[in-house]
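J.: Spelled out, the chains give:
There are 2 protein chains.
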Amino acid sequence: MAKNITPKEKNFSQWYQDVIRVAELADNAPVRGCMVVRPNGYGIWENIQAVFDRAFKKTGHENAYFPLLIPNSFMEREAKHVKGFSPELAVVTHAGGAELEEPYVIRPTSETVIGHMYSQWVQSWRDLPILINQWCNVMRWERRPRLFLRTSEFLWQEGHTAHASRKEAEEETLLMLNVYQEIMSKDLALPVIYGEKSMNERFPGAENTYSCEAMMGDKKALQAGTSHFLGQNFARAFDISFQNRDGEIEFAWTTSWGVSTRLIGALIMTHADNDGLVLPPNVAPVKAAIIPISDDDEKLKDDLEPMAEAISSRLDRALGAQATKIDRQYHIRPVDRFFHHLQRGVPLRIEIGAREFAGNLVRIVRRDTSEREMVSLDTIESRVKDLLSDIQNRMYKQAYDFLQKNTRDVSNFEEMKEFFASKDSGGFARAFFAGSCDDEDEIKSVTGGVTVRCMPADDDTRGKCVFTGRDNARRAIFAKAY
Amino acid sequence: MAKNITPKEKNFSQWYQDVIRVAELADNAPVRGCMVVRPNGYGIWENIQAVFDRAFKKTGHENAYFPLLIPNSFMEREAKHVKGFSPELAVVTHAGGAELEEPYVIRPTSETVIGHMYSQWVQSWRDLPILINQWCNVMRWERRPRLFLRTSEFLWQEGHTAHASRKEAEEETLLMLNVYQEIMSKDLALPVIYGEKSMNERFPGAENTYSCEAMMGDKKALQAGTSHFLGQNFARAFDISFQNRDGEIEFAWTTSWGVSTRLIGALIMTHADNDGLVLPPNVAPVKAAIIPISDDDEKLKDDLEPMAEAISSRLDRALGAQATKIDRQYHIRPVDRFFHHLQRGVPLRIEIGAREFAGNLVRIVRRDTSEREMVSLDTIESRVKDLLSDIQNRMYKQAYDFLQKNTRDVSNFEEMKEFFASKDSGGFARAFFAGSCDDEDEIKSVTGGVTVRCMPADDDTRGKCVFTGRDNARRAIFAKAY
Chain W
1 MAKNITPKEK NFSQWYQDVI RVAELADNAP VRGCMVVRPN GYGIWENIQA
51 VFDRAFKKTG HENAYFPLLI PNSFMEREAK HVKGFSPELA VVTHAGGAEL
101 EEPYVIRPTS ETVIGHMYSQ WVQSWRDLPI LINQWCNVMR WERRPRLFLR
151 TSEFLWQEGH TAHASRKEAE EETLLMLNVY QEIMSKDLAL PVIYGEKSMN
201 ERFPGAENTY SCEAMMGDKK ALQAGTSHFL GQNFARAFDI SFQNRDGEIE
251 FAWTTSWGVS TRLIGALIMT HADNDGLVLP PNVAPVKAAI IPISDDDEKL
301 KDDLEPMAEA ISSRLDRALG AQATKIDRQY HIRPVDRFFH HLQRGVPLRI
351 EIGAREFAGN LVRIVRRDTS EREMVSLDTI ESRVKDLLSD IQNRMYKQAY
401 DFLQKNTRDV SNFEEMKEFF ASKDSGGFAR AFFAGSCDDE DEIKSVTGGV
451 TVRCMPADDD TRGKCVFTGR DNARRAIFAK AY
Chain E
1001 MAKNITPKEK NFSQWYQDVI RVAELADNAP VRGCMVVRPN GYGIWENIQA
1051 VFDRAFKKTG HENAYFPLLI PNSFMEREAK HVKGFSPELA VVTHAGGAEL
1101 EEPYVIRPTS ETVIGHMYSQ WVQSWRDLPI LINQWCNVMR WERRPRLFLR
1151 TSEFLWQEGH TAHASRKEAE EETLLMLNVY QEIMSKDLAL PVIYGEKSMN
1201 ERFPGAENTY SCEAMMGDKK ALQAGTSHFL GQNFARAFDI SFQNRDGEIE
1251 FAWTTSWGVS TRLIGALIMT HADNDGLVLP PNVAPVKAAI IPISDDDEKL
1301 KDDLEPMAEA ISSRLDRALG AQATKIDRQY HIRPVDRFFH HLQRGVPLRI
1351 EIGAREFAGN LVRIVRRDTS EREMVSLDTI ESRVKDLLSD IQNRMYKQAY
1401 DFLQKNTRDV SNFEEMKEFF ASKDSGGFAR AFFAGSCDDE DEIKSVTGGV
1451 TVRCMPADDD TRGKCVFTGR DNARRAIFAK AY
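Just so you know, the protein sequences line up as chains W and E, in that order.
Everything in the first sequence is counted per the working numbering, starting at 1 for the first residue and increasing by one.
Everything in the second sequence is counted per the working numbering, starting at 1001 for the first residue and increasing by one.
Mixed in with the good hints there might be a few duds.
[Unchecked claim] The calculated EDC-like cross-link candidates involving lysine to aspartate or glutamate, where the alpha carbons are at most 20 Å apart (straight line), are:
#, chain 1, residue 1, chain 2, residue 2
1, E, 1167, E, 1207
2, W, 325, E, 1053
3, W, 325, E, 1127
4, E, 1325, W, 316
5, W, 57, E, 1309
6, W, 397, W, 218
7, E, 1083, E, 1207
8, E, 1057, W, 316
9, W, 57, E, 1046
[Unchecked claim] Interface residues of chain E toward chain W, partial, derived using beta-carbon atoms under 10 Å:
#, residue
10, 1032
11, 1121
12, 1319
13, 1321
Think of the hints as simulated: they come from the structure by calculation, not from any bench.
Glycine is no exception: its CB is placed at the ideal position from the N, C-alpha and C atoms.
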């Protein structure tokens, strides 16, 4: 167990911060609540961007860029939207040496300014759908910031689409929820429960919100992505109207959906251990660290480094550019060099010493299980690919088992309170629910923070509400959440 | 000639705006001086990012992300820096519902906040070099904004490196200048003159600035990228110090370098024509538009669309994901469909009608020369690749010839004035120069805006200064510039 990390069983929140520090993922910025995403953290974000971006494009979306600043008056056009976001806004009052006539806010999200542009781009049903995504920074001033989970500035993508019919917009909302869920499972090794949000947890201005909910190592839920059906609310506020096939003028139906750098927090709290970070190979910036080891400088220069370089370029060709990294930290002990990559969550360590050189072999060590094996250079590409795919699958399975083990059906409110009160239980409580916003508030206050996370989309069984006793209630997942 | 575009000979500046409009590259945002980069424009930016990013990583750089906001006090630590940027700053005075104790500025560039972080990351010579790049938005309030060329917010990359010696930092500055120049030539088909800036044109706080200067269609220069040797100025201001190999404490040597969405402006003003945009294939979001043509719906559905889809997936496999786009605008005339892609600068148009279907052929039309040819499906991948590479090379050559044709050696100031005074001449004047900042100011004022663009790095001939008559002056390029 690493000495520079608080064990997660002892203090989960300190452990989380320690992992970020030792893996050099991020630092606090000299700006309240903001973060600096260091290269090791940003490399993960680049890979997360790549897998999502590919899926967005495959489903017909294009990227664009809208302005950072939003006129204050835009925010006020949608009543719930401004109410939800105004406490978190950062405001620009001066620019170019003078006071502005109307202050601008830094975008907390871009429905308003994008709505304004769509109103100019849409005239006829032929201009629809508009399927646009934006990768950018947004700002929501945080009182209690936590790196990656809640920061005043964060990076994200926000998809914004406009459609000619309610049905099409609803389908888009669910399609993107599904894209999120698939990528989180497949590439981030994050099993998630996905479904509709309760009324209390809807996006300000949305008619309906859906989310993916993941279970963190402390059994709390983390909302990992959201997809909103905005109805005609923003279309009305910004006059996104069009002439339909029958020549009538209608408002468009819009959606928005987003995932953020919060996903890096989810990766840490799902997969990291008491030695540091453990990364799913599909989003690991470095998939294998190649480590030549010898006390003999000449041996290093003549044999081991050339061998490391040959392996590196072979594997980069097989796995993608920059998939491997050669470690040249000869001034520290081999064990410390191993630990360096282990703490950073690099899936595979490839060690090369004199013996390996002589035998045309390498020693490969897995980050997730610490298993080691000798692999012949002849088969290194295929063996490394198999190992990475095995690590990816095993990490998903481990997280999936954890989620299953800590999810329980509860049939009445007493049982639910008990589930969340005991130190040994807690997690996701599955129960039927048909309560009001006030009921949700009461549950939250009585249980010390338990909320409805979502109503799973793939579960349409009905039953008696755990709180009100009403029949024909939908199944919901309750949990404490980040 | 397109009716919706002002001819460039008539009004170059209106032509530029018209091309942006018809190609749907960008719109003015509802925020003063800011722009919305529309999908057609952003797709170009994504490809520009990809080619530069690959080169940065190949030369050992990693990406990271630093905060959008910078404490006002940071700006003030480097005297020339704050003087240079303060007229252009946007200032955040309120956040989270309260007035801030210290205002933040939106980054106009990030030397200061990055310097602050580097001072925490660097202790020993072993922590150096730091080779980091950031892709982000920045803000410099503009009085006379022009889409892509000068906007209050723009997208860019800023590389920031720290080194243990002057020599190494100087080498880095030139290395990145070279990377810029190579990519601009190879991928953007932009021939550039690259070299050192004169004193008047240095980055505020830099010891030395280098730039790539391209010639636009109106013979004016556009600074397409810059690379700065910052000496120890920012290291001193932010205490980036380290223990060297001899155990002494020293300040680090830093560099910074950047290119921005301005490059899209450069592409337009170099390659576009009176029909609209013309894009170099290496950065064109869509490399070929596939256009099935028939009045017969059944023919389209049964024969032409399946053929278009087969061609699209074959070409996407050969050229990269989403390299082709199938045009299904059957409600407009074929000629308008052709024109749609032509105005957007798509390098190749692939037309499929009944005759082509029957003959297992396609008709391919080049955007740059309007040449057309019939190509058998059997060889379509290789022929399309050859055509794209030929277009890329031809576009570079055309721009290179234009640059050569409009560059002239001038040996005295009278000759220079004449060169820039005549409507038929103008362009780049090559002359020896050894003047002062005041001399530069005077030249600018006498000639109506001519400045020293750079002193070409690959030209070390010396001669008599065109303005002062001093001997042993360096060769410089003079031009009016954007």
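J.: Against each hint, give a clear statement of whether it holds in the structure.
T.: Going down the list of hints, with the structure as the test:
A C-alpha spacing of about 13 Å is found between residue 1167 of chain E and residue 1207 of chain E, which places the hinted pair at or below 20 Å, so the restraint holds. Distance restraint check for residue 325 of chain W and residue 1053 of chain E: the Cα-Cα separation of roughly 18 Å lies within the 20 Å cut-off, and the hinted pair is therefore satisfied. The suggested pairing of residue 325 of chain W with residue 1127 of chain E holds, with an alpha-carbon distance near 17 Å, which does not exceed 20 Å. For the suggested pair residue 1325 of chain E and residue 316 of chain W, the alpha carbons sit about 31 Å apart, so the restraint of at most 20 Å is broken.
For the suggested pair residue 57 of chain W and residue 1309 of chain E, the alpha carbons sit about 17 Å apart, so the restraint of at most 20 Å is met. For the proposed pair residue 397 of chain W and residue 218 of chain W, the alpha carbon gap of about 17 Å is at most 20 Å, so the pair holds. Pair hint residue 1083 of chain E plus residue 1207 of chain E holds up; C-alpha atoms about 15 Å apart against a cutoff of 20 Å. Between residue 1057 of chain E and residue 316 of chain W the CA atoms are separated by roughly 13 Å; this keeps the pair inside 20 Å, and the hint holds.
Taken as a hint, the residue 57 of chain W and residue 1046 of chain E pair is honoured in the structure, with Cα atoms around 13 Å apart against an allowance of 20 Å. With its C-beta approaching chain W no nearer than about 8 Å, residue 1032 of chain E sits inside the 10 Å limit, and its interface hint holds. With its C-beta approaching chain W no nearer than about 8 Å, residue 1121 of chain E sits inside the 10 Å limit, and its interface hint holds. With a cut of 10 Å, the hint placing residue 1319 of chain E at the interface with chain W is violated, because the nearest CB-to-CB distance is about 15 Å.
Residue-level restraint check for residue 1321 of chain E holds (minimum Cβ-Cβ distance to chain W is 7 Å; threshold 10 Å).
The structure is inconsistent with the numbered hints 4 and 12, although it conforms to all the rest.
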